[in-house]
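Top line first, the protein sequences correspond to chains A and B. According to our numbering, the stretch in the first sequence is residues 42 to 390, in order. According to our numbering, the stretch in the second sequence is residues 35 to 278, in order.
Keep in mind that a hint or two might mislead.
[Claimed, not checked] Far from chain A, some chain B residues (derived; all Cβ distances over 10 Å):
1) Thr-81
2) Gln-153
3) Glu-243
4) Thr-261
[Claimed, not checked] Covered stretches of chain A (in silico footprint by chain B; criterion: 3 or more residues with CB under 8 Å from a CB of chain B, positions within the stretch not fixed):
5) 234-248
6) 256-270
It is worth saying that the hints were derived from the structure and are not from the lab. For every residue, glycine included, the Cβ atom is placed at its ideal position computed from N, Cα and C.
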Amino acid sequence: MTAAVRRFFGPLSPAGLWLGGAFLLLLLLLPWWGGSYIMTVATTVFYLALVGQSWNLMLGFAGLLSIGHALFVGIGAYTAAYLFAAVGLPPAVGVLPAIGLAVLMGLLIGYLGFRFAIGGVYFALLTIAFAEFVRVVIDHVSWLGATEGFFLKVSEADRHGIDLANLRGAPEMYYYLIMALALGALVLCRYLLRSRLGYYWQAIRDDAGAAEALGVNVLRYKMYAVAISSGMAGVAGVFYAFYQNSLFPEIVFNIERSIEATLGSIVGGVGTLFGPIFGTFILTPLGEIVTEAIDLLKHWHVIDPETKLDGLKLLIWGFIVVLIVLFKPKGLWPWVCVRLRLTRPEAEG
Amino acid sequence: MSAVAPLLRVEGVSKSFRGLLALNDVSFDVVERGIAALIGPNGAGKTTLFNVIAGVFPPDSGRVRLGEADITGERPDRICHAGIGRTFQIVKPFAQMTVLENVTVAALHGAGTVAEATQSARGFLEMLELDTRAAQHAANLTLPDRKRLEVARALATGPRLLLLDEVMAGLRPSETDRMVATLRRLRDDTGLTILLIEHVMRAVMALSEHITVLHHGEKISEGTPETIVRDPAVLECYLGDQDL
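Okay, chain A solo, but in the shape it has when bound (with noise of 0.2 Å):
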């Protein structure tokens, strides 16, 4: 066991692993000092990361751009929504159907995307129509709720107990519930990274062309990393749909949401496996910061209240992937590693 730990965290330095204890052991005794609110936060940057990593393995460890990742969160949430409304079927038991059906959509559109070579920038725009036409067929959908939503019943009783296989419960079984699944994640994805699958993704994403000749069946190891990956994104959906209590096609499958899936890996460094954890980190509670001030300004007068900001946060998120494009186009997670001495040289993040 310790010898698999150590193994684990093997390119971690002791400074990164005394750092990374602190840190974990900050975040496993939140609901002790945080209120509510940073609860609220921190389940939000918890879901982005699992969401962002299973992003990144697409685009960081493949080379698969896809720009339509809140399709597989979406089909995620509402399948076992669905099932749970409809035939009372617990979400422990309906994440797995929800995980099949967005593995089955994320297999349909790497075949039809790899079998006819659609590659690059061409893929992520098939990702994209196949988010915006499953969000049309949705909006006419009714036993989906259609435009109108679709809701979970919630009691008040529900919001104290602890009811995993139903995901009921206080706000508590919430965040450690998907900080356990984003931290299974990242274990998840180290290993993958380390097995054979990670050798002949890595190998792809850097030359298709060598790594065919070297015996890889490209369009099979493809296939692989968008299932593994919308696989990943489905089991987020099940935890967004349970969370929330309400699904909109508009929502759920936003574009913004899409988005919102890519920027915390690559604020954070695409490709690598702590990059996704840590961008959220940055960019969510920045954004809280921003609304926060912005809502504090407004109470102290200083900017009109009746003024309408609410594109600001975007914006500002905006501009810093600008920046970090410009200036650590590797992502900040590599560079915090060398500058605090996190890992050991030549280890990668």
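Once you have looked at the hints, place chain B on chain A.
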């Protein structure tokens, strides 16, 4: 070299791109455990022929056989599985992976686990004198080292036939000699068959037992190095038809 069965048979292969005939009815054999060279001026169709053999694109007509198997038009990864390892003239390193990881990808082909593949990859790095570069990212290698990496990767797939596309280009004469020695040792020790495209005549003459000459997509001559250098047709295509 008498009555040895050919490992590779190229039979009447033709290939054209948008009406431009790149290969016209090319046939030749490479004997098992032999070292053969494919030479010709730029644009003669040498790399096109490699790509047809390796499955990058199918020929318009003709067959390619490896041993008993007809591999014409198979996918590149299946041709690799059939036993052909190839390098690329314009090198294709996995830039963001380390040198060791590059070769590990290739070695995974015959290995059960990543640990086994890494172990065997180290051996190939040593053979190609890349062991000191193992932890570097392939993007940071010099061109000669990238050429060596191409060879190490192709070898790590455990091929019966190795296709080398100008791997000596850019090497210093002493480095060329070392590469020649490495390749010959490989053939002698492991029974590998080698087909190489090369412009460095020092290497071609030192290594190959059989040479095929292509010009404008057609085979204009073949034979031992001694006969090739005296063939008027070969001299003409390289030097022009003036009296020398």
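For Gln-153/B, is the shortest CB-to-CB distance to chain A above 10 Å, so the non-interface label stands? holds, 14 Å
Could you let me know if the closest chain A CB is still more than 10 Å away from the CB of Thr-261/B? holds, 33 Å
Are all beta-carbon distances from Thr-81/B to chain A longer than 10 Å? Answer for Thr-81/B: holds, closest chain A Cβ roughly 13 Å.
Report holds or violated for chain B covering the stretch 234-248 of chain A, Cβ cut-off 8 Å, minimum 3 residues. Since 10 is at least three, the answer is holds.
For the stretch 256-270 of chain A, do three or more residues have a beta carbon lying closer than 8 Å to a beta carbon of chain B? holds (count 4)
With 10 Å as the threshold, tell me whether Glu-243/B passes as away from chain A on beta-carbon distances. holds, 25 Å
Checked against the numbered hints given earlier, this structure breaks none of them.
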